[in-house]
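If you read the sequences in order, they're chains L and Y.
Numbering of the first sequence is given in numbering that gives the first Met the number 0, commencing with residue 0 and proceeding in unit increments.
Numbering of the second sequence is given in numbering that gives the first Met the number 0, commencing with residue 0 and proceeding in unit increments.
No wet-lab data here; the hints were simulated from the structure.
Heads up, some of the hints might be wrong.
Said to hold, decoys possible - Here are some chain Y residues the structure puts well away from chain L; computed CB gaps all over 10 Å:
hint : residue
1    : Leu-87
2    : Thr-174
3    : Val-223
4    : Val-286
5    : Leu-291
Stated by the list, open to error - Listed next, the stretches of chain Y that the computed footprint assigns to chain L, with coverage defined by at least 3 CB atoms under 8 Å from CB atoms of chain L:
hint : segment
6    : 59-71
7    : 260-271
Each residue gets a CB set at the ideal place from its N, CA and C atoms; glycine is no exception.
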Amino acid sequence: MRKQGRIRRVVIVLAAGSMVLTACGLKPEVKNSLRASGGRALPPGLSVDPNTGQVVDEQGNVVDPGTVGVDPGTGTDPGTGPGTGPGTGPSAGPGTGPNPSTGPNPTASPTGPVVPPAGQGNTTGIRGGKIHLALHGPLTGAGVPQESFRSGANIYWEKNKIRGMDVVATVFDDEYNPSGAIKACRRAAPDNFLIVGGAGTDQIQACAKDQVVQRGGVPYVSAGVTENGLHGLNNYFAASMTYRQQGPTVVKMAREKGFLQASKGWGLVISSTPNFKDAKESIEAALKAANVPYKYYPVPKTGGDATTVANQLRAEGHETVYFLGQPLFFTEIVQRVGCPQYCPTFTGPGIAMGVNTVANLACANSAGFFKGFYLSPYPGWDDRAKYAPGVQLDDDIEFTIYGVMQSLHQMFNSIPADQPITRESFIAAVARGSYPGGIFNPAVFAGKTRFGGTKAYYLQAKCDIRRWVTAGGPTA
Amino acid sequence: MILAFDVGENLLTPLVTGIIQGSVYGLLGLGLVLLYKGNRIFNFAQGEFGTVAALVVYAFASGSKFLPKMPYAVAVLLGVLAGILMGLLTERLVVRPLFRQPKVTLVVATAGVALLSIAVEGFFAGAAPTPVRATLEGEAINTRLLRVTKQDMLVVAVLLVLAVASALFFKFTQTGTAILAVSQEPTATSLVGISVNRISSLTWGMAGFLGGVAGILLTGTNRVVLPGVLTGLALIPAFTAAVFGGITSLPGAFVGGVVIGIIQQIGGTNIPADIIPSANAVVVFLVLLGVLLVKPTGLLGKEV
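Okay, chain L solo, but in the shape it has when bound (with noise of 0.2 Å):
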């Protein structure tokens, strides 16, 4: 009885303990303190700021941690800033003014060039002659080769460097939902350079239009999702077609392919959420150009009841199926739709949809019928090796990833050789740029848009080999 009792007391305090510890790791001052200062103290006059997690003096400035002298009474901390100014390199010391880094925030209007003051700009997450960026993707729950989004960006860095200096990608995951996104992204915008969105239009309009990562001025670039919610971010870059910009190649991609003029009309299958709108304004505009019947079937964003669209895709017999939202619940859809018997040509815009995950899941779950065309930033997977020329890939997000790594170096490779890379003359030569891809299509953002996709591949299922393989374009 007394042993027990002492157990009892033992783990009361152990609990007691782990609650205190895990409760002062999520106050976001402690945490943020901890991460932005390495763990030690800051010096006086200088503080974290509880939003963005990055250190800043008393009149609000923000200072990179990795320049402030720490621990006064060593003063050893290198330092592992480069340096601030043009001409100065790393800094070598234990540096203590604040660094010039961000001053004001340019504010130049969306599209225009950003020019940062000279000599000024934010550093952050370049240190210890490495750049660091951000992925965020989901790792869990969303059914893609987690593992691939590491290795991918890995591949690429591993043969690549910007200005001589390594790149580190670090993967966040998102969890597949825009809540987890954010989470990833005020995580990441404290120690990398800038943030790339790996899938999920709620996941990269969450993230890229989030408060600490427009306040960091944090640069983002994603694949094109949806352009509700990101016209007039100053940090935001889609590197290619938005699904706006997909409806007209879609409806060109059908007329190509053969599946355009359908007596039972097309089945327009799209979350009815309001990031989708304008995939469904477009594609709608598209059809009626083309004078070929539709009929709209709102889906709930997290999928709903596979079964009951089905069956009415079925009643109706719609010969092609433009399908728009959860690839999981797409798979379902195309298992209850009934192939061989009914089975539609299902077709889109990219991305989500052109994952080889979901090829394989659609080509079983259809005992091999499945039927897909869907348009694609990037070519299918059997064209790798002309993309990707000796370089050893597992699968197509590796692939993807890689490309999207390539496109970014461009990115980089954009700055005036006679300006330092901060997130601001990265961002102001972006904005002005144009890229020649190469897994992924020449984005063109030119001064006049951030939606600077100008083409896409045509991806068609190949169920023999449960792939998506390149079927046309790219083209416009």
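On the provided structure of chain L, position chain Y as indicated by the hints.
Below, chain Y without anything else, positioned relative to chain L:
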């Protein structure tokens, strides 16, 4: 606005598909009702008993990683055993130490088991969804209005058999009576020589079995398995079905599941989604609310 009503399209199709869909909920709901009868708790880990079973079936049927490839029937057997083992382990490691604690503690603990299970499944199986085969391949009906696979028919049949067998078990066997007695008065039950621990293990083992069967059949129907799939897809509808049918009634889980499925399908088919988005979910909760207001014990439920 006059909506065209087609008896086949608007009534027959959702009726049949509702029965099939509802059977899946009922199958998972059976395990929930069993544990409610036995322990007076809602088991949030019930879905994961099924997911683990389905993942084990996939692992052995495909011979993934270091595992030997086995005939599908053997893999199914191992999957069901894995479900039972999950139930037993949950009982031994979580439920039994907390048995005398307030029921809410136990309920939260089962939610913890579910979350832990999903993490462990992800660790071993990865997050990517994996295509799996149906237990029975082929289609029974495939017309413009209706598509019923052999797997669908298997699910309905298995649910029927299990619901009847479970009800008979509680009505006619001493063990069934002992389970009910333990749930009502554990101390008095142990005083008459019934081992509470053994009964508790038996109940959770049976729940693991029911969850395992549900998991294997549901993933076979959806043709896909991934960590947390049963919890994500069917646990909430299964809870609804169990409460709707009467949380103390095993046949109620069957009836509740089927009725919920039919309401969902008829609602989803006939209420345009641009008028009420997710109409199938809305009508289910409206009907559930109505039933509970009029008959709080559910359709077939009664106090033991």
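Against the structure, the hints:
The claim that Leu-87 (chain Y) lies off the interface holds: its Cβ sits roughly 24 Å from the closest Cβ of chain L, which is beyond the 10 Å cut-off. A cut-off of 10 Å between C-beta atoms confirms that Thr-174 (chain Y) is not in contact with chain L; the least separation is 32 Å. At roughly 6 Å, the least C-beta separation between Val-223 (chain Y) and chain L is not larger than 10 Å, which violates its mark as non-interface. A cut-off of 10 Å between C-beta atoms confirms that Val-286 (chain Y) is not in contact with chain L; the least separation is 16 Å.
At roughly 23 Å, the least C-beta separation between Leu-291 (chain Y) and chain L is larger than 10 Å, which holds for a residue marked as non-interface. Evaluation of the coverage hint for the segment 59-71 of chain Y: breached, as 0 residues show C-beta separations to chain L shorter than 8 Å, against a requirement of three. For the segment 260-271 of chain Y, the proposed coverage by chain L is satisfied: 4 residues have a C-beta within less than 8 Å of a C-beta in that chain, meeting the threshold of three.
In summary, the numbered hints that this structure violates are 3 and 6.
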